[in-house]
Structure formats: C-alpha cells, structure tokens
Amino acid sequence: MMAAEIDPITLAVLAGRMEQIADEMDATLFRAAFNPIIAEAHDASHGLYHARTGDTLVQGKSGLPIFVGVMAFAVKAVIDKAEKDGDLADGDIYIFNDAHMGGTHLSDMRLVRPYFHNGALFCFLASVGHWHDVGGAVPGNYNPSATDAFQEAFVLPPVRLARAGAIQQDVIDIIMRNTRLPQSAMGDLNGQLGALDLGVKRLDELLAEYGAETVRAALDALGDRAEALMRAELQSLPDGRWQAEDFLDNDGITDAALPICVALEVKGDRMVLDFSGTAPATDGPVNIALPTAVACCYVAIKHIFPALPANAGVMRPVTVKVPEGSLLSAQFPAPVGGYTETILRMIDVIFSAASQAAPDRVVANAYGTINALSIAGKRANGQAFVMFSFYGGGHGGSLEGDGLNHGNAPISTATIPPLEILEAAYPVMFRQWALRPDSAGAGTHRGGLGAVYEIELLEKNASVFLFGERGRFPPRGVAGGTVGALNRFAYEQDDGWHTPPLTSKMLDIKLKRGQAVRLETPGGGGYGPSEGRAAEAVARDVALGYLTAENADRLHGPAWRRVYA
Amino acid sequence: MTHTRMIGVDVGGTFTDVFVLDEDAGTAQVAKVPTTRPDQSGGFLDGIGRRVDELSSVSVVVHGTTAGTNALLQRKGAKMGVITTQGLRDVLEMRRRDRPRTWGLRGDFQPVVPRSLRLEVPERTLADGTIRTPVDLDAVRAAARTLIENGCEAVAILFANAYANPENEHKAAAAVRALWPNPHVTASAEILPEIREFERFSTAALNAYLQPEVAGYLDRLERALKSDGFSGEFMIVQSNGGVMSVETACRRPVRTTLSGPAAGVIAAGHIARSAGFDNVITGDMGGTSFDVSLIADGCGMLSPQTAIDFGLVVRTPMIEITTIGAGGGSIAWVDKGGLLNIGPESAGSDPGPVAYGQGNDRPTVTDANVVLGRIDPDRPIGGKLARLDVEAAARAIDAQVGAPLGLGTEAAAEAILTVANSRMAGAIRLVSIERGFDPKRFAFMPFGGGGALHACAMLRDVGLGRAIVPRYPGVTSAMGCVIADMRQDFVQTINALTGTLDLDALAGFMQHHVDTGMAMLDAANTRFERRQTAFELDMAYVGQTHTVAVPLDIAVEGGKVCMPTVAGIEAAFDAAYRATYGRVLEGGARRVMNLRSTVIGKRPKFDLSTLAPAARGSAADARKGTRRAHLGTAWHETAIFDRLDLPVGAVIEGPAILEQADTTILIEPDLVGMVDTFGNVIIEPREGGT
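In order, the protein sequence lines correspond to chains A and B.
When we follow the numbering used here, the leftmost residue of the first sequence carries the number 1, and every step to the right adds one.
When we follow the numbering used here, the leftmost residue of the second sequence carries the number 566, and every step to the right adds one.
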C-alpha cells in the first residue's frame, strides 16, 4: 500500500497528536473506572482502527501490552457483524466480550464505535477494559476447572449498545443482570463510554485543524513506516530457522504436560512464526483463541524490538501459522480463562527461538505465570470477602545485566497492591513477603529473584483458589544460561503442609483460622554461561543472601570464595 | 545595621542562581555563577559574594537545593541499615512489582540499603492496630549493634502497620536511640503515618539515607554564612513549594527532592498573579527536559508522591511537575522508518549541542535555533567557545536530518523545531486536559534559559492566549525562594467508615497537627503576615480504590480545632465526589482513608514593581541592531533589542528578538510584545493578525 504524499514534518507532528488522543482516552477511563483492575492495574486499552480492515492505526501507551494487537480482531469482528446488520450509522456503539471473536478472555468488555466524517466512515475507535465480574461459576471469573465458556462467564456477542447516539437500555439491563457486581460494571461502562466520547471530540478537532485527507494520509504513512521499521529490524537478523519447545504443566483437569512449539524463520525482511507441534485444544481453560495467539506474537516481537510502534504495519512482514485444532486456535465454546498462562509460554518459546538467531538482543525467560490467587469466605458478621491478586517473579537476565528481582509479567504493567492495603481490606496477615533465595537462573548475568508470599487466615474459614503454572517446567535461560526455580505452592492443614496434585492449580482449599498458604514464585532464567559470571558478582550474591554458598559452589565453582569478604 | 535584604539561592545542575532583594531600597539584583561539585557550597557562597559584601545586613537566606536529589540519583547517600518486621526485609527491594520500562524487559534495581543490612526482628501489628507480637527489644538492640559494627551512619525502623499503631515502632526507635546516640534514626510512622508500606518504608529509608549528606551540607553552609557575619534566618525550600527551617530540613531531607523546581513554580504563580493572570502554565526548558506545571486560580497543583528514579519513591506532597525529554540538548534523529524524532537522548550541557564544539556531532534543538539565527552565536550561554560553531551545527543537521528527509538546512532545522514544539505543546495540553482544564484559558510562562525562544510556538500550537516572560526568567527559582511561604504538611491514616468514625480521635489528630505546625512557625525567626490552616480527608466509597480529596471547612479558634461532625464530613464528600465524577452513589458506604492537614505562615510578598525598569526612555534606545533569523519559511532581517533596557510600556512588533544575559526571547511575525509595569514581556497575537 502506497501512502498519499504527506510532508515529513506534518507526519511527525500528527503521529504525536494521534498517539495523544489514545493516551487521553486511556487516562479518561483510568480516572473514572470503579474497579481496581482498570483503575490501578490499567488492564484496559484504547485506540484508532482502520475503517475497512480493523487494523490498529494508533494505540495508547499506558494500556496493557497484550491489547496492542488483539484489539484489531475485536474491531474486525464488529466490522463483520455490522456488514451483516447492514445499517451502520454515526453514533452506533457495539459491545461484546466474546473471546473467540475478540481475543483474550471473557472478563474483557470491548466497546467499538465507528467514527464518521462528513457522512463517511473514517475509522473506528475502541475501548477495552477488564471488568471485575461477568457472571460464570467463580466470582472474578478465574475458574481453573471450567470446561466451557459458559462456566467462565456470560457470553455477549457483538450487539449494539447504542444506535445513532441512542443508548439501548435493554442491552444494559441484560448485562447488569448477569454480573455479581452491577455497580462496578456500570461505573466501568460509563468510563468506557466517556473515553469513546472524548476520542470522537479529539478526532473532530484534529480533522478540523488538518483536514481529513491529511490525517488519512498520515495514518497510511504511519502504517508504512511501522512496516519499514519492522523490515529493517528483521534484516538485521541472520537468515535461518530456529526452533524451541516448552510446556504447560497441565490444563487444570488432566495432569498431562502440554507442549508449546515454535519454529521461527527469518528470510531477508520477512519472518514466519510456525506453532506446529503445539498440543491440541484441551478440556480445561488454558486454550486461547486465534486473535490472542497473533496478538501475543506482537507482544514478544515488541519486547525484542522495543522501538516498534503500536501499529498493524509491524505485522505485515510477519506470518503467524497456528495449526488448526491446537490449543492456540480454540473454537467456541472451549474455555479460555487461563489465557495469560498460555501466552506467557508462547512469549517464552519465541524468546528461546529468537535468542538462537540473535543472542545479544533477547532476554531470558521471565517467571512465566501470573499466579491468580483468591481467598474467599465470610466474616463473622456474615459479610462475604474475596481477596484476589496476581503475584510477581523474576525477570530474565540479558546481555546488559542481571534480571529484575520481583517484576510484573511481560504481558502486563500491573503493580501489586501493598500488603497493608490487603491486610486492611481482608482478614489476612502476610507472614512473609520476601525475595526467594536460590530462585534465579544462573548465568553470566543471572535472572531476577522470584518471591515468597506466606499468607495466614485471620477469619474462621475460607476457600482458596489458585491458577498458576511453571510448577513442573522452569523458566529457561538463553545463550547458555540456566533455568530459574519452579513455581511452588503449599497450603497448611491440621496435619501439616500439603501441595496440590496439579502443582499450581487448585480449587476450593478449605483453610481455618491460623492456617496459611505459601506461594514461592519462579526467578528468571540466566543469560550466558554461568562460568562467565565474575567471582565478585557471585560473592556479592552470596553476601546478599540471593544465593546460598552451597548453590554458588555448585553453579559457579569455588572461585567466589577467594573474593568473599 | 538594619536587616533589610533577603537572598534566594537556587543551586541547579549547571548554574547557581542568586536573587537579592532589598525592599527598603526598592532594588533587586541577580547573579549567576557555575555550580560547584561535589560540594555545592562553594558556588553558593561565591554567588552571594558577587552581590552582597556585608552579610550582617541580610535578614533571610532561602535555599532551593538539589543536594538531596543528586545524592539519590548518584546513590551517594549514607551507608545505612534497616530494622524491620520479621518476614518483610525485602519490601524496599521488591517495590510494587513494577519494571523500569514497559517494553524490552531490561534493567534491574539497586535499593539504597543492601539486603545484608536489612535486619528483621520479631514484632507484628495488625491492620486494625492490634499488637499481635510485641516488639522483641533485645533483638532490636542486637540488630542495632550489628549495624554499628558494619559502619552504618543512619538507620530506618520500618514496621508493618505502624500507621495504625506506632507503639512497636516507637519502642524500637527509643531502644535504638538509647543505645546509639545518633540524630540519623528514622522511624517510618514518624515520617509518614500513612497506609502503604512500600511507599512509607521507601520514604523513611530515603530520608535516613540522605540525612548525613544533606545535614552535613546545610551545616557547612550555615557555618560559612555565620562566620561571614550572617545572623538572620536560614531556610530551605521544600518540594511542596513552602519553606522550612534548616533544622527541619536536616531531620527531613526527603522533603527537599523538588526544592528548586517547586520554588520556580511558586515564583511563576506570584509573578502571573501580580500581572493579572490567575491561570498560568509554566514551562521550564533546560538542557535535557521540558518541565510543565499548572497553576489554576493562583494555586499550584500538588501531587502526593514521586519517583526520583526507578524504585526510589518519595511520598510527600510536592508541586506537580510533568517532565518530557525535550530540552535544548535533546537530540534530533530520523528512525529506520523515516520518522523524525526528538530525544529522549540528550547531549545535556556536556558535551552539549554540536555548536558548543565539545565533541557531540548529533544535532540538538539548540543547534536548530543557532542555525536559524534565533540564538546569537557571539553570545554563547553554555560551552567553552567564544563563538558558537554555526557551521558545525548546520553540517550535523544536514547529515542526520536533512539528508534522510530530503530537506535543505533551514527546512530541516525548522522541522526539528516544529516537532520539538509539537511535543512540548502536547505536554501542556495533557497537563491541563487531564485535570479537566481548558488550556485556552491559561497564559504560558516560560522560564529557565530556553523556554522564551519557544513561547510563540506554544501560543500557536496550543491556542494559549498569551505568554508572560518574567523579567529574570533565568533566576525564577531563586526569586521563588524569597517569595515562598512557610508550610508544613501532615498526614494520618484513619481508615474507618463514616458510620463508625471516632470523631474525638480525628479531632485529636487535627489538634496535634495544628499544635506541631504552629510551634514550628513560632520557632521561626521570621515575620508572618498571617497564619492559615487547612484540613482535607482522602475519601472513597467502599470498594473503590481511588480516593477523592475532600476539603473540610473546620475552623481553628484560639488555637483549638473545632469539632468535625459526621454529617458535615459526608456532605463534604458528596460535594467533592459530585464535582469529580458528576454524580454520587445513593446509599454507598463512605470510607475515610487519610487526614491531611496543612499549616502555613504567609510571608510578606514583595512588590514586583521593585524589579520594573524605568518608565522613561524609548524602545529605540534598547535596539542593538538587526540579525538574519529564519522564521517559518523565510529569512527575516530581525530587530534585536536589549531586553533589560526596554522601558515600561514599550511595544515591540514581531519579528523581533529580545536578548538578556541568560535568555533569548523570540517574538514571531504577527505577534507583539509589551513590557508591563513589572518589567514582564507580555506576548500576544497582533490585533487583526492571523
């Protein structure tokens, strides 16, 4: 596609202006949202999308990384539906959460609004946000034993929330009757509508200032530029084909390892990511829909080449091949609630394959699981409580240095609440909130350390649910670095400590007052051979208690002892 | 000898600025000297010495300092230890599970206290304030001894839930102080009795880390001032834009992290208000960044915390300043996709722009201004050359921007400025829009060395009505030191539903805050015009995480805080919530999270007309000649004026360039500058102009 002529100065200015529109939409929702998953963890995203293809044109910088890429599929699903409806009008807004059409999981509510200029469709605006509850069997929708989408949440296909500017109260009534937290859902919905309104207003101003043709030319040129950037990055890699394989522990139902395979092929300025060999679709919820798989490739690529923009042009030179019937292209109504675990593993295998092509440009695997842990019960006064959070782990080592201790997942930028906020809101006490010694993968640059969280129940009874991974297969090192520690979960009962049969997935553990659960998260993989690590660095790790002396000897030999103060 | 002079000193990264006000004589003087390193006191005293020979005639010296910020950025604070709750030694290192950058997954974090000097002791308080495990004082003493043996100079005591009940932490602090007489013992709830352990621990630890360094520096300064005959009050600007005594600054150095920039915003507010503008957006353009701050109805915005660097969080109220990487030294480059970018990489002041001739060959924003004739190459402000190297700057722009984009030298330089201006305008737009303000209602006030070159572009790009260039834009922060009020902020976490709120306890905290703040004002050796108190609650509906700031209209009569009522608090919350979100939730339970109190001693404001130039004379006398400057698409023979010689009432039609020692003001065609009665240059679109 050739762009219409636009001078480079106007292009650079418009690039910033359009990015700012998406950023402002993000800011509008973060401020207005009721639920902390959006307000604090920024599990949301906004952008501008192509009128015909749905391709991402511009996306906000502060939303969740995984949405960069996946939103184009949500918009395309609406484009297809609107074609069937046959009467798309200015002021229409479609809403849906169907993950098989729009990617990710059913908690993500997507709003898509056509933007008209002088009576003609110019582009689409979209808003996605993770709602606190969308029905289903488990409050908060992380159901590790779901065997279909209906057990995960209510499923809303693309329908019109507004027709020509008139909100359809019927649709809102249906949605609000299907959530346990209608007040929170209504607050989030209002916030998303507000973000879309703001986007329309800003686009009106921009088109009035620069003219529709100039803005359209800029959008085309930005796509071409993104493509050119990606081609230049690919040309800096050697030609070849590199393979990697890793595993999910299990699907939460059957205790069998599930291979995730990739062959990464670079030829000139093109790349193919072929996931042949990956396990077939499963009964349990570690499946993902095809849009999620493609978006995940985008996230991995952008971590390898961080300067790439959030624009569909990046993916033009990339072919993603996902075998039919695999767990990476699950069909409705297969459950997809645990999609985070699967895409984290996809990112890991892409890193492992890419590190063979360009070891200097790829970091080792991060901890690779979000560990969605919820502790639910009733207080003495009868009031229900659900404490739900994700937990952190180590990042991988890189050419530049050691991995970060206790970071967030590569698909997310969410922070963890302070333990005092959790203790003030729920009847728990953290016995431990600490770094986990000996959890980092060794290497010339070691991985970051994982964490230990031990949480004691202060109320009479509670049930515990965990959705995690990496209990059997640790995060890998690259360029000769070694693996990080396994994820380990344990819970206290009258007869002592237990671990779940499926390692990191567990439903409905009964806890009594004074009993605790303990989560020990993986560290990141190491970078480069461990013999290459400076003795001073090893000695420092021992002095700081990152590494026990015994493991230092085993991994690096005794040289560190000569410089140990 | 009368004590009539006041001195403000702002020590920045490159220059130390001095502002001397003699109110009786009705004069003000400024000085700019290089900042000395590593000990900034050399430049501080040198700068004062340039303008004042007799320190006994000085009543007040107020200092905006970056000593604390620099020590944090360079990790040059004290060797220190931490004594903390069993199980929680790594809170400081684990942060809030964030990462330095969204994309790339690189970069790690070094806390200011190594893990081996973070020691745990048995103790535990629960969230409701119940003590589950009394503190083991023998373990505390043993930990303190270990830290002493390891050569620590400072210690922070960081206990979980100490905001809810500080008893364990108090006992531990007392035990440590008894064993180890040391002014540098910090307990977390003494510094910040607010929920969120990482933010509280970080603030307390960074405070302890800075205490020896900052106290030593301020002590050296105070001694030197006294030995030169100074017997007045020596005060320090805090991040909240108020001043504190030097004694408070030594105990709470963490409050100085935005000292200088905050003073600049305070001065900007005063200058704008005096000139008749209550709504102003300031833009401080330095070598590496463009800092934007917003003043609405005369009040600066405060933010609750900031990160000085990744993971180094300081939670204390501070003037909200938004920074983007577009300064004079920001590098212009064309990426592999053919798009022109500015920054974030910067040549800073060393090596600086290409034109400085100090080894940088990548073009910067300043180079574009030099090549287009907007900066006089014969008056270099930075660098070591007697004349800026215009040709080298042009070659760099041709090679790195012109060639890849197919543009000639002037067009490429204009492109650099257009993109840089667009990014700066974007920052101004976002700062105002995010807070619900229409930027068109605001005036723009550039300060720092470079901002006034870009003021007209900001008017054009954002649609701001006018720009106000203060008479001494290069020393705005130093002037702010002289203007700032004395101010003390307090916080206490309450964490109770309005239905079960203990009003006596709340009033007790308010009274304690007022008593402490007033005692501090009493102890100051300074005149106050009046004293103010203000109370605010952080509140939210149950289940919501973002709180709303709820101002409480509670009087203090005869030093006694009047009793608040639940109905009053609930009504105030509803009003504040409606103002923020446009509606309230019927029947929603309301929670009071924190109490915030402020005690302010208003210092007399000096009359800015002190700074005004003569009313006599004519603009023609200030005209120095002309220079070719490229504006828009053509070269213009542009009039050059000596800015400080322009009389009150002078009207200068664009295109024109006004020069003073450290600042260049560009007035573009179709705009007009006018010198007001305070010596500010007000730039507005020409009547009937485009």
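Calculated directly from the structure, the hints in this document are not laboratory data.
Hints are supplied without guarantee of correctness; some may be wrong.
Claimed, not checked - Estimated spans, in silico, between C-beta atoms of each pair:
no., chain 1, residue 1, chain 2, residue 2, range
1, A, M186, B, G1030, 36 to 42 Å
2, B, D1067, A, D90, 54 to 60 Å
3, B, R640, A, D283, 50 to 56 Å
4, B, F875, A, T319, 23 to 29 Å
5, B, F875, A, L399, 17 to 23 Å
Stated by the list, open to error - Listed below are the simulated SDA-like cross-link pairs for lysine to any residue, each with C-alpha atoms no more than 25 Å apart in a straight line:
no., chain 1, residue 1, chain 2, residue 2
6, A, K378, B, G1153
7, A, K378, A, Q151
8, B, K901, A, A82
9, A, K201, B, K901
10, B, K1005, A, G211
11, B, K1170, B, T667
12, A, K512, B, R994
13, B, K901, A, K512
14, A, K61, B, P687
15, B, K901, A, D224
16, A, K61, B, I998
17, B, K1005, A, L206
18, B, K644, A, G545
19, A, K61, B, T871
20, A, K512, B, N844
Computed from a prediction, not measured in an experiment: that's the story for all the values here.
From the three backbone atoms N, C-alpha and C, an ideal C-beta is built for every residue, glycine too.
Open item on the list: Hint by hint, where does the structure go against what was stated? Just the numbers, ascending.
Closed with: Going through the list in order, the structure violates hints 4, 8, 9, 11, 12, 13, 14, 20 and respects the others.
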